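Number of protein chains: 2
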Amino acid sequence: MKNLMSELEERAAEFERILGPFLPEASGSAALVIEALRYSLEAGGKRLRPVILIETGRMYGARDQVLYPFAAALEMIHTYSLVHDDLPAMDNDEYRRGRKTTHIVYGEGMAVLAGDALLNLAFETALKAFDAIESYTAEDALSYAKDCRKVIKALNILSKNAGIEGMIGGQCADLCAENAPGSADAESLLYIHEHKTGSMIESAFTIGAVLGGAPEEDIKALSKAAMDVGTAFQIRDDILDVEGEAEKLGKTPGSDLRDGKVTFVTLHGMDASVREVGRLTDEALKAVRGLNVRSAFLEQLCVWLTSRDH
Amino acid sequence: MKNLMSELEERAAEFERILGPFLPEASGSAALVIEALRYSLEAGGKRLRPVILIETGRMYGARDQVLYPFAAALEMIHTYSLVHDDLPAMDNDEYRRGRKTTHIVYGEGMAVLAGDALLNLAFETALKAFDAIESYTAEDALSYAKDCRKVIKALNILSKNAGIEGMIGGQCADLCAENAPGSADAESLLYIHEHKTGSMIESAFTIGAVLGGAPEEDIKALSKAAMDVGTAFQIRDDILDVEGEAEKLGKTPGSDLRDGKVTFVTLHGMDASVREVGRLTDEALKAVRGLNVRSAFLEQLCVWLTSRDH
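Order-wise, the sequence lines are chains A and B.
For what it's worth, numbering that gives the first Met the number 0 labels the leading residue of the first sequence as 0, then goes sequentially.
For what it's worth, numbering that gives the first Met the number 0 labels the leading residue of the second sequence as 0, then goes sequentially.
Okay, chain A solo, but in the shape it has when bound (with noise of 0.2 Å):
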């Protein structure tokens, strides 16, 4: 196996092309909404979530044509999160990844307008996976049954975990602790790393694998990996955030103490934070090394996650 940096480039150069046909000109009278889309979603970035979630979708022979309107999705979803997140009522920044936020290049009506084009837009991307199993005649009624139903769980994984019960319910108990500086306990904080982050990182580990018809044993250690590995990240920016370099972290280290934030570092210390890490990703590591497929990308990966340094 190459370099997992340049593996990780050329796996993101692999999707901007994979995403390009699912997205709208901007044309017409919608075309200032569809450009404040695009301006978001070509953003780039890792495009961590779509990469796992193809890799592990061929890990168990899913097909292309079912992977990538689910990979598209998943994108989708993550930016319009960040979208609104972006927003002056929410966390109100001006820059991300050194560019200019949607509200501030389009205005917040039109930021507003944009997030919700995209949550709309990736579930009617991902309703596109029915599409290269339509041509089913009568006679494969039963295989066509078989894969509608693995469609059919993809898309409650892709919208429970993006929901109440995943990313919005992080997104609100973040929210409801930044109005309510210092009342985050480490419960409350698990859950918001959870739920916040956690859910979409399972979406991208397990998604996949559904579509590929992975054993229920395999899609329960994916789910855990995506927990561990998750949280893990969490903490690890977190860390960062105390020890890291500004220039490559794009933001001046020590923010979250001043702003009176509270992390895993401030409730637990460094030395215990640094531990978890190290713990979490062992557990990651162990899951994904006991599937009944392996994949050395995804294992490197893991590692990487979880010690990386930007």
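Among the clues, some could well be false.
Given that identical chains are not distinguished, each listed pair holds provided it fits within a single copy or across any two copies.
What the hints assert, rightly or not - List time: in silico SDA-like cross-link candidates among lysine to any residue, alpha-carbon distance up to 20 Å:
no.	residue 1	residue 2
1	K145	R293
2	K127	R148
3	K152	T136
4	K260	S187
5	K159	E34
6	K152	W303
7	K127	S272
8	K127	E164
Hints are computed from structural coordinates only; laboratory data are not their basis.
For clarity, every value in this text was computed on a predicted model and none was experimentally measured.
Assemble chain B onto chain A, guided by the hints.
Chain B alone, transformed into the frame defined by chain A:
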């Protein structure tokens, strides 16, 4: 058939009972966003969209367990669009139907989140229509495939009509017109009416029929009737803004003119507007009377929607 108004009230009350079980309880860490979305969803109103969806579904024999999730989902999408429309960055409304709007009660950030949660919940809910057909056995594979395709088609209509090609497209054009007062011409006004309002009414008229397996010609006729009724409904709104009684309208007549808003009435005059409403109502009636299944309720509703005085 009973008086239309009391019939509408009974059906709205029936829908409240249908909607209830689809709503999460406001408890746990996400309690506040659930409370906010329930607040907006429980504001009531005539529930016209789900009532029409259920009526057209029953006309063609669709099962309640398949219809109900879509009826609830359609009302959730309609409600999320109102919550986001009322935001300061959009229409900046403090009251709706005599109650304080969601962002006034729960704050702007939570209102953004509640709208997002409603849109997401709409898709989670509509997907439950698959549960009703999940129990088919292997021998029923053909029936399963047939019913599955109906639900998939309904999901495609629901998501497309709520998105860029439907409601969001209309909202984008509306927002652009508001930011450039006086810029709207007859063509862009028709686009806004057909997309912002018409698309969701089209979902109400066609989704039930699709779920009931209505013939293609009936679905086309229902779609045409929906567009005619939707546009006539909007023009009637513009007429009422000039002629209506403040008390019944719940707002001061003449506000469009004072706000410099371009409407069908300001563009074409009162006489032409009244004639156009009459023509569109006749067209809609012709379409629903030509259906393979007749519904006195639907016919009366088309007339009432375009001739109401508030």
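Among all the numbered hints in the text so far, which are the ones the structure does not match?
1, 6, 7
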